[in-house]
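Undergrad: This is what each chain is made of:
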Amino acid sequence: MEIRHGLTPYRRAAPALVGGLVAIGAIFGFFATRAASSGPTSAEVQAAASSAASTLAARSEVDSQLLATASASINGDPAEGDARVLARLDRLASNDRTVGVARVTPSGTVPVVVAAPDSSAATIVGTDLAGTADARLVLELARDGDQSAAVVTTGSDGKPVVIDALPLYGTPDPPSDIGGRRSALRGYVVTVTPVAALVGLSTGRDEDIAVRVLDGATVLVAQGRDLSNPPASPVAESVTANGVPFIVQAWATPSPSALPWVVLAVGLALAVAVAVIVYFRERSAAAAQADLVARNEELALIARAGPLLQQSLAMGELLPVFVVEVGAELALDGISVSLATPSGDLEPVFSLATRAGTPTPVPASLVAPPTSVRSGEVVTVPLQRAGRVVGVLQARAVTGLTEPQMETLLGVCALLAAAIGNVRMFQDEQDMVARLRDIDSMKTSFIGSVSHELRTSVTAIQGFAALLEANPGIDAEHRADYLERIARNARSLAALIEDLLDFARFERVGLTVDLHPVDLSDLVPTIVDQLSSVLGGRAVSTVIEPNVTALADPQAIERVLANLLSNASKYTPPDSKVIVGLERTPMEAVLYVDDDGPGIAPDEREKIFELFYRSDSTARTSRGVGIGLALVRQLVVHLNGTIDVEDARGGGARFRVTIPLAEHEEISLQHPEPARTPLGTGG
Amino acid sequence: MVDDESDMRVLLEAVIETANEGLRVVGNATNGMEAIERWRETGPDVILLDQQMPQMSGLEAAAAILAEKPDQRIILHSAFLDADTHRKASELGIRACVPKGDMTRIPEALWRFGTD
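Chains A and B, in that order, give the protein sequences. The numbering used here numbers the first residue of the first sequence as 58 and each following residue consecutively. The numbering used here numbers the first residue of the second sequence as 154 and each following residue consecutively.
The hints are simulated quantities; they were obtained by calculation from the structure and are not laboratory data. Keep in mind the model is a prediction, meaning the values are calculated, not measured.
Have a look at the derived ranges for each label pair, beta carbon to beta carbon:
(1) B:Thr257 to A:Ser502: 30 to 40 Å
(2) A:Arg481 to B:Leu219: 52 to 62 Å
(3) B:Ala217 to A:Ser502: 24 to 34 Å
(4) A:Asp704 to B:Thr257: 42 to 52 Å
(5) B:Gly246 to A:Glu374: 45 to 55 Å
(6) B:Gly246 to A:Pro529: 33 to 43 Å
(7) A:Gly401 to B:Ala217: 53 to 63 Å
(8) A:Gly594 to B:Ala217: 27 to 37 Å
(9) A:Lys500 to B:Leu176: 34 to 44 Å
Derived list of chain A stretches under chain B, where covered just means 3 residues or more per stretch with a C-beta under 8 Å from a C-beta of chain B:
(10) 499 to 513
(11) 518 to 529
(12) 532 to 541
Far from chain B, some chain A residues (derived; all Cβ distances over 10 Å):
(13) Phe85
(14) Thr112
(15) Asn132
(16) Pro229
(17) Gly236
(18) Asp265
(19) Asp283
(20) Pro288
(21) Val381
(22) Val406
(23) Pro427
(24) Gly457
(25) Ala596
(26) Lys634
(27) Ala658
(28) Glu720
All C-beta atoms, glycine included, are put in the ideal place defined by N, C-alpha and C.
So that you can see chain B by itself, here it is in the shape it has in the complex:
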């Protein structure tokens, strides 16, 4: 789980673990660079990736990860989801884009797009 905002990380982790649907947060990061390192260490089933982050954006991090492992499941999570972001995400091979807002939809999205 990647987000530069501590509140969001805490909130998402709480929502996911509270939902207790077999989901577990194996690691989190505050920016794109950290996300790649953490991904290599933990090898998660799915990455919940914030788009707007310092140093390296979510799309940039996704591009790097997907170049290395094209079938890695990634869900882009952003406050701003415009058509351009959708298009770029789709081109990269990101499974889904979920708007920030209703946190309760996150576990469902993780099940839906994070598993085969």
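Chain A extracted, bound-state conformation:
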């Protein structure tokens, strides 16, 4: 069962294995992405440098043509009105270039840009082209040589710009000599181009390549990251544009990419997540499997319990085996089983000592069993059969009971209840068989007793009659004796027949009594008087308390007395004394018959009232068939009274009958009308 709360080695290792695999993948991803982002090749760097240089050269060529075209469009004369110049230049300007015209001011030699075609270039209007000595020199060289000249300066946005200037002399054909040119100079047509545009750096070149353009040692423009740390020997291209020599440098600046780290971090996080998910999945799978195993074991327990409980019909054999098996399977301690007694109490019949040594107490009341039990709690399960509680099983759940375990416990308890029912049924059956056997043996003995009784009396009557008949001359004394013996045996037969008739009547319709107040003080002596003959010459005396009136039936009282006196005569010597007494207690009339015979052994004082019962000694010593006393008891019960036998004062037996006094009539009348009660159940 340890599997229940843990993982198997495989299941324990699974999260680490799966997580490890994913982590290895993440590390691979890290190196792969880092290799993939190592930056441009040297060829790409070279290509970038060449591209920038050629773009620079090409654009400077375009510039020259542009300047010539612009010059031609205004016939080399910037003197025209600004509007007319602008209209002409407007058609020439392109997006990345500004075309303008500078006029030489009257005051001197300083050409100032006076017109530009679009507003975006308006800031260059007013720019002094000869603001610096270098610029002045370049412009003078251009004037004197009738050729375009370029100067690099800082634009209005602070970024370097290249200004190309073509001298304008006021005529389509420039003067042929330097002096003429100097005097004829009217101004310049200019293009202003950002250096970046000139080298085409703004066209989205690979950002992992840094490119810069140098004018001598001066960096004109640069693009790319990490420009502050150029390598010692970058790829360099020299190019001359508009007569200005530029150097284009390029080098690789691979970006410090975060991707590999992202891949690694995400990968590791994924590995941890996967490991956690796998761990919980495996744990839940292990728990499910453990549950399944436990459930199977519990089902197996139920399956085992059935045959186990069928093995025996003896409670003492069933319970120990069952309790040990169930206790071991469901981790129960101190199991006790109590069974319901016929009076409804619970009586402990078996308990397995707790580890603490204290037995579990029998519950005072029963409640429905819980659906689950916490660790260490005591669980009580009623054992029910056919809707009746036949017992209770109690136990302490050492590790608690889950719902399925509780269901299992209820299942096996249902089987136990059924088994208990079977055991009881079997016991009842055994008891019934024993009872029937007893009754059968009593009937056999009864038939023997009746036969003996009949044979003895009939033999005596026949014998004495034959004697008298054969000897007519017999003397008077013997004759009287024989006749008396004939008469007594005839009475004995009559009494026996009366008993048999009583029995038959009782068996057929039950006893009926007619209860009303009867003055026993008056009735009892009368009956005793009439019955004295059944005592066979034994002396009878009466001890009667006056005015004892009971709720009774005179006929029933007579039958009771007749049987008790007949009983006294059967079991006492012929010279015995018999006393009939009547007393009263606060509630009852007490009628007793004492004799001085051998008395009744204590262990027979109950049995003698059973139908057909004859003790071994009485069966051999006396006449009788075992009906009289059983009949007496039934009569007394119907009179709402009691009968028992005790030792008489003189040493013999006292049969003591109690009957409710008539004063307590209201209590007595509540006794239900006697139904037919078989005599045999009186025992």
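Position chain B against the provided structure of chain A, taking the given hints into account.
TA: Frame of chain A, contents of chain B only:
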């Protein structure tokens, strides 16, 4: 003559003495124990022994007597004479078993089985 019933004793004695065939009742007893004592006192030629008696049955008394005197003549007299009683009586050495009933046959039985 042994019988627990007073009527039977009186009847048997009357029948035997009335028959007056030379038979005489020398003693009687009401149970087995008494029978053995009386037998020792009187030394009768034949014992007429009832089977069903208190304390000690006729067969038990016969066994005790025959153990002491194997050739004592005993006639068992009983209301119930079944095969089992016959067999036991025969094994013990009892001369005859006579059913209770017709008392007039008793003197004849005593002559027949009670003398050599």
